[in-house]
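J.: With the hints as extra help, turn the sequences into a complete structure.
Take 1 as the starting number for the sequence shown in the UniProt record's numbering and just add one per residue.
Treat each hint with caution, since some may be false.
Between beta-carbon pairs, the in silico distance windows are [said to hold, decoys possible]:
(1) V178 to G264: 26 to 36 Å
(2) R841 to Q745: 28 to 38 Å
(3) S230 to V149: 21 to 31 Å
(4) Y208 to E811: 38 to 48 Å
(5) D103 to N204: 51 to 61 Å
(6) M473 to T419: 16 to 26 Å
(7) A158 to V540: 45 to 55 Å
(8) P160 to P623: 32 to 42 Å
Hints listed in this document are in silico derivations from the structure and should not be mistaken for laboratory results. Values in this document were obtained by computation on a predicted structure and should not be read as measured data. Note that the Cβ used here is the ideal one computed from N, Cα and C, for glycine as well.
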Amino acid sequence: MEADPRKFGPPALRPVEAGAGIPLFHAAWLFALGIVLAHFVWLRPSYLLIALVPVGMLSALAALRSQRVVWFPLAALWCLLGAWCAEMQQQPGATPALVALSDGLIRTVEGTVTDAAPVRRELEGNVDEAARIAPTQRLDVAVSSIEIVSDDEDVQTAMPGGVRLTIRWPEGESAAAVFHCGDHIRADARLMQPDVYRDPGAWNRREYLIDQGITSTATITLDRIHVLGSANQRSVACRISSWQHGANERILALPAAMHRLPNGLRLSEDDAIMLAAMVTGDRTFLTHSLRVGFERTGSFHMLVVSGLHLGIVAALIFWIARRLRLTQFPATLITIFVSFAYALFTGFATPVQRSLWMVILYLVGRLVYRERNVLNTVGFASLFLLVVSPRSLFDSSLQMTLLAVVSIGGVAAPLLANTVHPYLTATRDLSLVALDVKLMPRHAQFRVMLRMFAAALARATSRFIGLRMFPWMIRFLLRCIEALVVASIVELAMALPMAIYFHRITVFALPVNILILPLLVVMLPCALLTLIASLVSSAVAAVPAAMTALMLHVGVGIVHLFGSVAVGNLRVPAPLALQIGTFCILLGVAIALVRWASMRGARWARHLAWIAMIAGAVVVVMPRPIDHPHGALLVEAIDVGQGDSLLLITPDGKTMLMDGGGFGGGPQQMAPDFDIGEEVVSPVLWSRGIRHLDVVALSHGHSDHMGGLPSVLENFRPDELWVGNNPPTQAYGALLDEARRLRVQLRTMQAGDTITLGSAQIHVLAPFLDYKPGSEPGNNDSLVLHVAYRATSVLLEGDAESPIEERMLNEPGLESTLLKVGHHGSVTSTQPDFLERVAPRWAVISCGLHNRYGHPRKEVLEELQASHVRTLSTDIDGASCFELDGGSVTSIAWCGMPYR
1 MEADPRKFGP PALRPVEAGA GIPLFHAAWL FALGIVLAHF VWLRPSYLLI ALVPVGMLSA
61 LAALRSQRVV WFPLAALWCL LGAWCAEMQQ QPGATPALVA LSDGLIRTVE GTVTDAAPVR
121 RELEGNVDEA ARIAPTQRLD VAVSSIEIVS DDEDVQTAMP GGVRLTIRWP EGESAAAVFH
181 CGDHIRADAR LMQPDVYRDP GAWNRREYLI DQGITSTATI TLDRIHVLGS ANQRSVACRI
241 SSWQHGANER ILALPAAMHR LPNGLRLSED DAIMLAAMVT GDRTFLTHSL RVGFERTGSF
301 HMLVVSGLHL GIVAALIFWI ARRLRLTQFP ATLITIFVSF AYALFTGFAT PVQRSLWMVI
361 LYLVGRLVYR ERNVLNTVGF ASLFLLVVSP RSLFDSSLQM TLLAVVSIGG VAAPLLANTV
421 HPYLTATRDL SLVALDVKLM PRHAQFRVML RMFAAALARA TSRFIGLRMF PWMIRFLLRC
481 IEALVVASIV ELAMALPMAI YFHRITVFAL PVNILILPLL VVMLPCALLT LIASLVSSAV
541 AAVPAAMTAL MLHVGVGIVH LFGSVAVGNL RVPAPLALQI GTFCILLGVA IALVRWASMR
601 GARWARHLAW IAMIAGAVVV VMPRPIDHPH GALLVEAIDV GQGDSLLLIT PDGKTMLMDG
661 GGFGGGPQQM APDFDIGEEV VSPVLWSRGI RHLDVVALSH GHSDHMGGLP SVLENFRPDE
721 LWVGNNPPTQ AYGALLDEAR RLRVQLRTMQ AGDTITLGSA QIHVLAPFLD YKPGSEPGNN
781 DSLVLHVAYR ATSVLLEGDA ESPIEERMLN EPGLESTLLK VGHHGSVTST QPDFLERVAP
841 RWAVISCGLH NRYGHPRKEV LEELQASHVR TLSTDIDGAS CFELDGGSVT SIAWCGMPYR
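T.: As structure tokens, this is what we get:
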């Protein structure tokens, strides 16, 4: 009697047996479907609870009387449960009383530091101002009281809520006086709600901080904060945070102790920063330049503590426990304990928490189900996570984790169990002939051929080479094929979240991850050994650190090699709902086909499963039509804070972006490594389905107009870059160099030039032929464009001031139905004579909320009102969109509304 070869091979990758069902997996995805339904349609929880009773009774009746139809009421039951749990979960919100006091007035705030980041040095200022190195430290404070000022009193009132303070040291002063978690502090701060860019597709920082319990933010200098006292017994969270920062400091100190070693075995400062992020989870010093290569190749998970790192740690501990001959139950308990401790040590961030619960529930599921079915174990873990927090279904980290484990357990594992794993089994103990009869004929024949070849090789060389090395090499080759299959399936599954959240086609993700992941499996234990050794001394840690440095250099070299190839950095818009639904259906089809192939031995089903996975990935990244009105010129003033960025789409789909935003100063400047072109402008373009721009135009060389353009050029590869007459500053030269590198045609514009862009006519009004710019960028350098579609037009004034406006009064065709107000609504622009000559019906002002310049100025707003010009401003209205249909101008209430 021939044994089933699928009983051999790694237990975690065994196939689904014919009689094994996956009820918890189906329950999990049906529960998730109910959560999705509740996310888009509000359902009254009481009605859902009432509906659960008859549906539950119907399910019980069907289970007793008609097993064939029991699936229908059970499916409805799990969907209703998912919707009810989603509607019952409380949504995080800002503290209302603290919001009311976040008005920009200086108030005395007292509270306890709940999290203190390490001190870091960063550039302060922008390209228009003298940049300097300023030490900063971020503090999260649980507020105990806050100053309330009125006409009658000035009192300190008890007030709950969370505040994030950024402390800046004075220029030239050393950052020795750091603040610690647990300190009770008093600070004089201008509290504000977190900045938010109200654009379709842009990341919402306010919601992100609210999820962390932060209502308000403030930036203060060192002299405005005082420590009132430290807690006698710091909380467990503070102690763990101090351990994490202490470990981070020890790793960052390693380069100084390794200066005598060769370059290949020595950690540089950048290496130590990456190693600290990888081991301790502290990303404080992980700059954009260090991240970019990993992001381009889809290997950023290597740099940060993620579910992969936690999985490697858990697998290592479980492997050690089993090698010590512990039974499965105590080995599982020890693995869970160590994994939990490591997750706490690395900060216990939300993605790490979810990964930890996945690991714990997976290990418990293996005990309960005895490893019979991977999908059932995955379903058990997923269902538990979603019941505890239904809203976590919309978290990108959980989605990526679930997609990865479902694709491995549902597609890769059964595929391997019926293809590669029987051959792996056939390579074991070649001298044991009795094992041959337990294999299927083709696998037994493969084993016999290996034995014969190994025996011949042993006679020709040695027994070690023939009977040891040769079978090991065959197993290694099969393991490489196994890794290739798993990585391919996972990368195909990851196409959906990569497109939705990161807008990337990771062309080289497959080869990079195939090379990186085995390296990480070896490097992470070595890095942890380095951390443990550093507790003794840096000299002791130098030995494992040298091995870690060697592997890290290999990994970084691989990433930089593939990341430097331009074709590997392809950016795509987020897929439409139809594309997402099609992908999910095709993934389900692939899982069903693989299960069919496992039970029936149908080879064609395995081939179709591969086709379904590939088709799903292709559907996700397929070009989608640009979202714009087909009978009108679309003008969108993008909310970039105190800056300018305007998108124009002609009726026939030609695209032009005027300026890319940037940081022009204000009370709440973002961190220097925040790229507004990548984080704000590009997502707005992707939300409309734009992959490529026809034209990018730069009004002038100030940072609030030019700062985001390098990323825009990189992401959208425009055909042309239009510029005016700008002084040759370093930042402007870098932008032109970037355009040349990307083979973007550079076009210098001046007054009198006329260009056709699709069905729109563009006339250049400034700079004039005789204009001479100064040595530094100036507002009057602005490139001024008049864009007309039939009888409607828009005047894009940049930051042009009154001298240029006066000269433009002599130009014909200045009248426009829509005016982009010059210089963010400053009194230096939009003079009465100029406004009368332009005679717009609508105007839009691009400026930032609470900017330090006071834009838009009251005088300009009054002048626009007196001229009966309807005016929108991005600081109040967010992104502002207008349709110019050739006869009139229409303002669109919400720029994210799709066109039909």
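J.: Now, for every hint given, state plainly whether the structure supports it.
T.: The hints, checked one at a time:
Taking 26 to 36 Å as the suggested C-beta distance range, the pair V178 and G264 conforms, at roughly 35 Å. Separated by about 35 Å at the C-beta atoms, R841 and Q745 satisfy the suggested range of 28 to 38 Å. In this structure the hint that S230 and V149 lie 21 to 31 Å apart at CB holds, the actual value being about 29 Å. For Y208 paired with E811, a C-beta distance near 47 Å keeps the hint of 38 to 48 Å intact.
Distance hint check: the CB atoms of D103 and N204 are about 21 Å apart, inconsistent with the given range 51 to 61 Å. Here the CB-CB span from M473 to T419 is close to 19 Å, well matched to the stated 16 to 26 Å. The hint said 45 to 55 Å for the Cβ distance between A158 and V540, and at roughly 50 Å that hint holds. Judged by the Cβ atoms, the range 32 to 42 Å given for P160 and P623 is violated: they are separated by roughly 50 Å.
Hints 5, 8 from the list above are not met by this structure, while the remaining hints are.
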